[in-house]
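With these hints in hand, go ahead and build the complete structure from the sequences.
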Amino acid sequence: MTLQNGNGHNGNGHNGNGASNGYKYVGTRPVRPDGVDKVTGRANFGADISLNGMIYGSVVRSPHAHAKIKKINFDKALKLKGVKAVISGKDFPTLKPSDKLPGVAPLSFYDMSRNVIARDKVLYDGHAIAAVAATTQAIADKAAKLIDVEYKILKPVMTAADAMKEKAPVLHDDLFTEGVDPTPKKASNIAKRTELKLGDPEVAMQSADFIVEGDYSTETVHQGYIEPHACAANFAQDGSVSIWASSQGAFMIRAYTARLCGMSTSKIKVIPAEIGGGFGGKTTIYLEPLALMLAKSSGRPVKMTMSRTEVMRATGPTSGGTAHVKIGAKKDGTLVAGTLELKYEAGAFPGSPVALGCMTGFAPYDLKDVACLGWDVVVNRPKAAAYRAPGAPVAAYAVESAMDELAHKLGIDPLTLRRKNSAKEGTKAVYGVEFDRIGNEDCLQAAQKTKHYNTPLGENQGRGVASGFWFNIGGTSSAEVMINEDGTVIVATGSPDIGGSRASMALMAAEVLGVDVSRIKPLVADTESVPYSDLTGGSRVTFATGKAVIDAAEDAIKDMKRRAAKVWKVDFDQVDWENGSAICIENDEIKPMSVADIAQIAGKTGGAISGKANINVTKGAGPGFGTHICDVEVDPETGRVTVLRYTAIQDVGTAIHPSYVEGQLQGGAAQGIGWALNEEYVYSKEGNLLNTGFLDYRVPVASDLPMIDTVLVEVPNAGHPFGVRGVGETPIVPPLGAVANAVSNAIGKRMTSLPMSPAKILQKIDAG
Amino acid sequence: MAKVEIPIEVARKFTKGVTSHEVDASDLQDIIISLDKDFPGIKEALNTGLAVAIDSSILQDWFLEEVEQNSKVRFIPAIEGG
Numbered sequence: 001m002t003l004q005n006g007n008g009h010n011g012n013g014h015n016g017n018g019a020s021n022g023y024k025y026v027g028t029r030p031v032r033p034d035g036v037d038k039v040t041g042r043a044n045f046g047a048d049i050s051l052n053g054m055i056y057g058s059v060v061r062s063p064h065a066h067a068k069i070k071k072i073n074f075d076k077a078l079k080l081k082g083v084k085a086v087i088s089g090k091d092f093p094t095l096k097p098s099d100k101l102p103g104v105a106p107l108s109f110y111d112m113s114r115n116v117i118a119r120d121k122v123l124y125d126g127h128a129i130a131a132v133a134a135t136t137q138a139i140a141d142k143a144a145k146l147i148d149v150e151y152k153i154l155k156p157v158m159t160a161a162d163a164m165k166e167k168a169p170v171l172h173d174d175l176f177t178e179g180v181d182p183t184p185k186k187a188s189n190i191a192k193r194t195e196l197k198l199g200d201p202e203v204a205m206q207s208a209d210f211i212v213e214g215d216y217s218t219e220t221v222h223q224g225y226i227e228p229h230a231c232a233a234n235f236a237q238d239g240s241v242s243i244w245a246s247s248q249g250a251f252m253i254r255a256y257t258a259r260l261c262g263m264s265t266s267k268i269k270v271i272p273a274e275i276g277g278g279f280g281g282k283t284t285i286y287l288e289p290l291a292l293m294l295a296k297s298s299g300r301p302v303k304m305t306m307s308r309t310e311v312m313r314a315t316g317p318t319s320g321g322t323a324h325v326k327i328g329a330k331k332d333g334t335l336v337a338g339t340l341e342l343k344y345e346a347g348a349f350p351g352s353p354v355a356l357g358c359m360t361g362f363a364p365y366d367l368k369d370v371a372c373l374g375w376d377v378v379v380n381r382p383k384a385a386a387y388r389a390p391g392a393p394v395a396a397y398a399v400e401s402a403m404d405e406l407a408h409k410l411g412i413d414p415l416t417l418r419r420k421n422s423a424k425e426g427t428k429a430v431y432g433v434e435f436d437r438i439g440n441e442d443c444l445q446a447a448q449k450t451k452h453y454n455t456p457l458g459e460n461q462g463r464g465v466a467s468g469f470w471f472n473i474g475g476t477s478s479a480e481v482m483i484n485e486d487g488t489v490i491v492a493t494g495s496p497d498i499g500g501s502r503a504s505m506a507l508m509a510a511e512v513l514g515v516d517v518s519r520i521k522p523l524v525a526d527t528e529s530v531p532y533s534d535l536t537g538g539s540r541v542t543f544a545t546g547k548a549v550i551d552a553a554e555d556a557i558k559d560m561k562r563r564a565a566k567v568w569k570v571d572f573d574q575v576d577w578e579n580g581s582a583i584c585i586e587n588d589e590i591k592p593m594s595v596a597d598i599a600q601i602a603g604k605t606g607g608a609i610s611g612k613a614n615i616n617v618t619k620g621a622g623p624g625f626g627t628h629i630c631d632v633e634v635d636p637e638t639g640r641v642t643v644l645r646y647t648a649i650q651d652v653g654t655a656i657h658p659s660y661v662e663g664q665l666q667g668g669a670a671q672g673i674g675w676a677l678n679e680e681y682v683y684s685k686e687g688n689l690l691n692t693g694f695l696d697y698r699v700p701v702a703s704d705l706p707m708i709d710t711v712l713v714e715v716p717n718a719g720h721p722f723g724v725r726g727v728g729e730t731p732i733v734p735p736l737g738a739v740a741n742a743v744s745n746a747i748g749k750r751m752t753s754l755p756m757s758p759a760k761i762l763q764k765i766d767a768g
Numbered sequence: 769m770a771k772v773e774i775p776i777e778v779a780r781k782f783t784k785g786v787t788s789h790e791v792d793a794s795d796l797q798d799i800i801i802s803l804d805k806d807f808p809g810i811k812e813a814l815n816t817g818l819a820v821a822i823d824s825s826i827l828q829d830w831f832l833e834e835v836e837q838n839s840k841v842r843f844i845p846a847i848e849g850g
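Line by line, the protein sequences are chains A and B.
Letter by letter, the first sequence follows residues 1 to 768 in my numbering.
Letter by letter, the second sequence follows residues 769 to 850 in my numbering.
By construction, these hints were calculated from the structure, which means they are not laboratory data.
Please note: incorrect hints may appear among the correct ones.
Straight-line C-alpha distance at most 20 angstroms; calculated DMTMM-like pairs for lysine to aspartate or glutamate [what the hints assert, rightly or not]: (1) 619(A) to 773(B); (2) 368(A) to 773(B); (3) 811(B) to 99(A); (4) 784(B) to 181(A); (5) 840(B) to 434(A); (6) 330(A) to 369(A); (7) 781(B) to 181(A); (8) 558(A) to 485(A); (9) 100(A) to 812(B); (10) 840(B) to 425(A); (11) 619(A) to 823(B); (12) 840(B) to 436(A); (13) 451(A) to 413(A); (14) 784(B) to 195(A); (15) 619(A) to 795(B); (16) 368(A) to 823(B); (17) 811(B) to 178(A); (18) 619(A) to 836(B); (19) 197(A) to 777(B); (20) 619(A) to 829(B); (21) 186(A) to 777(B); (22) 619(A) to 833(B); (23) 197(A) to 366(A); (24) 619(A) to 834(B); (25) 764(A) to 635(A); (26) 197(A) to 823(B).
Listing some non-contacts, in silico: residues in chain A with all C-beta distances to chain B over 10 angstroms [claimed, not checked]: (27) 54; (28) 137; (29) 152; (30) 162; (31) 205; (32) 577; (33) 640; (34) 696.
Which bits of chain B does chain A cover? Going by a derived footprint, with three or more residues having C-beta under 8 angstroms, they are [as the list claims (entries may be wrong)]: (35) 771 to 778; (36) 823 to 835.
For clarity, every value in this text was computed on a predicted model and none was experimentally measured.
Note that CB positions come from ideal geometry on N, CA and C, so glycine has one too.
In structure tokens, the structure reads:
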């Protein structure tokens, strides 16, 4: 279902007459350009690459969660026939703590390098220690087992609560808590303290008639992308390197790999493969530097592919964490104050998304007095990586649970309570920024009107609702629009397509050019074929790369108008562009020239035709708000939860390709349901991960879920020519709270710990 | 004068806890330079890991953006995404 709450989003002249929103192509649902290759098995993913003379890599991983590496002995492995190269941390440049990515994001190459391959210490079960390349995968795997590593085993620390204790084993003796003054002189596992505050919540809380307060906890969960990490690297005689890889950013791989291997970025070319899911987990590197160094050492191209076990043990999950939330309200439901304290497990190196949790938890609400405190804590688990709306779901789970509890206490419908306090245009978020026009209230209103919300429940059934917020971002994007000789169009960008963005790029180009979308071929180019683009993440591609495509298409139109003016012997300003053709403004006897007409004579009017745009979209990314409704049935004898019905409502701005927008909402909901009900990293006492496959790390499969219904609320973003808002991350923010509230309402007791396994639910029921 | 808000942690370290400041500047670089004159060392802290919001626009990658006389400028945690 789509609701258009527009305020004139045909703003810049890209009007059409084909779709219900006033556009001709934007808002339609053509088959995705990459679809046929993917469903017929022709698409090439990371592991599909095959190169002449290629050999295979294997990684030696730590069996210990916390240990010192005393010695690595390669002798036995090197004697194995077929082994061509071995490497360890000693083969990589030594970086310093000050080696960081310049710019806003404080990305530490020092930590990244030690995460990709351990130096003196292993910090989690599965931490890479060494790698070997051999003529077959079987030989490489066998050789890896022959590499002897001598350890001094240390006591692991697995949770934030334990890691923050005074006498906890310390992971890094050079880690001193940031954000406190004075900076401590004693190293600890607390990497950073973040505090945000508006007004005076302590004083305001005193005016509350009702206060709800509670502690909530979640576990480490993995993004669960289907395609394991894979890459191949070739080191040429001239010292240049080619890397084929599946990732969310070819330029990201180039920059990070170059830095970790001590090379110039200009020496590395990255060719993006198709990507089988990322969700934020492929915004960093693991195998690429290893493959590069093995290729350099062996003189042969090296392919490396992770097993599922390796993915689970050694690639970025998202943080587990705890939350303490407190909300005060007047009798009529007006919120007067809120506080939130979050402790997130960063994994083995600093950098959990706790600050983002602090910024987002209360964002759906208009609170003048609010404070959030966050702690970033290192533990002996894999380094957390981004996962859709990093940090927001855990914070939202706590706040939305408290809101549900408050609604019960006050005897107010939970959506009505949310509407009464909803953030609107002009509301100041806890991080101090006032929202422009947003669709939060529109989503709540739409949710309240759904048939779903107004359907009665049966015995042992419960309904939960929750809201969620995500910022969405812009960033640097490049695009080139190339007109072929037959008038068809190629749209090249540097943004890997992880969610149907090629279709969106084609639709936006079609709308601007006035060319049928079937005549437009969008492609994802390598790092030497398009200028730099930021990685695909932060819900930025349809927004920012889309802007670049629009600009590039307009640039191509300018070129085509110039060609028409030349043919017609009129001034450039006598030529306009309408419905895919150049028209002569003052002489309607001159027959318009279509893109195909102009392309046909391109050689005679100046050569090939193209348009380019290289932009950094620093502002204008419209925030996303969503509301989810979940119905569950709980079997009181077994604790099993069945999700009966689920509806995701979201302000998506203008939906460029509504099917893929709906897909984003459905995917986010499905992942969030898994997070709420099933998924968790289970460790032994020694810190070894016990559930490293999809049989015992249970993501929801199709038979576990009902159809996820969607309602697209289209409040156009004034910061984009077509009104685009990012949509990929917001939908994972509400599900944890929505499902928890549904289960809590079904059993009549508040569920405060995820995942809500049958055992936990039974324990809660039995607690009386 | 632009109204500038700095994070609590930065304020605690450099400005004796004062988070709100009025700065006479025409762009973000001027704001940083001006604050650093008053609070030596704050420049590096504000240039690391922080995005900037000028009124309601959040700038992830900021440098020389202009600010109006009455603009509200806030240094906030950088936003990353999945």
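Counting residues of the segment 823 to 835 of chain B whose CB is closer than 8 angstroms to a CB in chain A, do you get three or more? Three-residue rule met by the segment 823 to 835 of chain B, so holds; n is 9.
Check the hint pairing residue 368(A) with residue 823(B) against an upper bound of 20 angstroms on the C-alpha distance. holds, 17 angstroms
Would the non-interface assignment of residue 162(A) survive a Cβ cutoff of 10 angstroms against chain B? holds, 25 angstroms
Hint check: residue 619(A) vs residue 836(B), CA-CA at most 20 angstroms. Holds or violated? Between residue 619(A) and residue 836(B) the Cα gap is close to 16 angstroms, so the pair holds against 20 angstroms.
Sort out whether residue 773(B) lies within 20 angstroms of residue 619(A), counting only the CA atoms. Holds: residue 619(A) and residue 773(B) sit about 19 angstroms apart, inside 20 angstroms.
Just double-check residue 205(A) for me: nearest Cβ-Cβ distance to chain B has to come out over 10 angstroms. holds, 19 angstroms
Within a Cα-Cα threshold of 20 angstroms, do residue 186(A) and residue 777(B) meet the stated pairing? Distance ~19 angstroms between residue 186(A) and residue 777(B) Cα, so the pair holds.
Any Cβ of chain B at or closer than 10 angstroms to residue 152(A), or is the non-interface label fine? Since the minimum Cβ distance to chain B is about 34 angstroms, residue 152(A) lies beyond 10 angstroms and the statement holds.
Sort out whether residue 773(B) lies within 20 angstroms of residue 368(A), counting only the CA atoms. holds, 16 angstroms
Given the hint that residue 197(A) pairs with residue 777(B), test it: the Cα-Cα distance must not exceed 20 angstroms. Roughly 11 angstroms separates the two Cα atoms, so the pair holds.
Next pair to validate is residue 330(A) with residue 369(A); report whether the Cα-Cα distance is within 20 angstroms. holds, 14 angstroms
Just to be careful, I want the Cα atoms of residue 451(A) and residue 413(A) compared with a cutoff of 20 angstroms; is the pair within it? holds, 16 angstroms
The structure meets every hint from the earlier list without exception.
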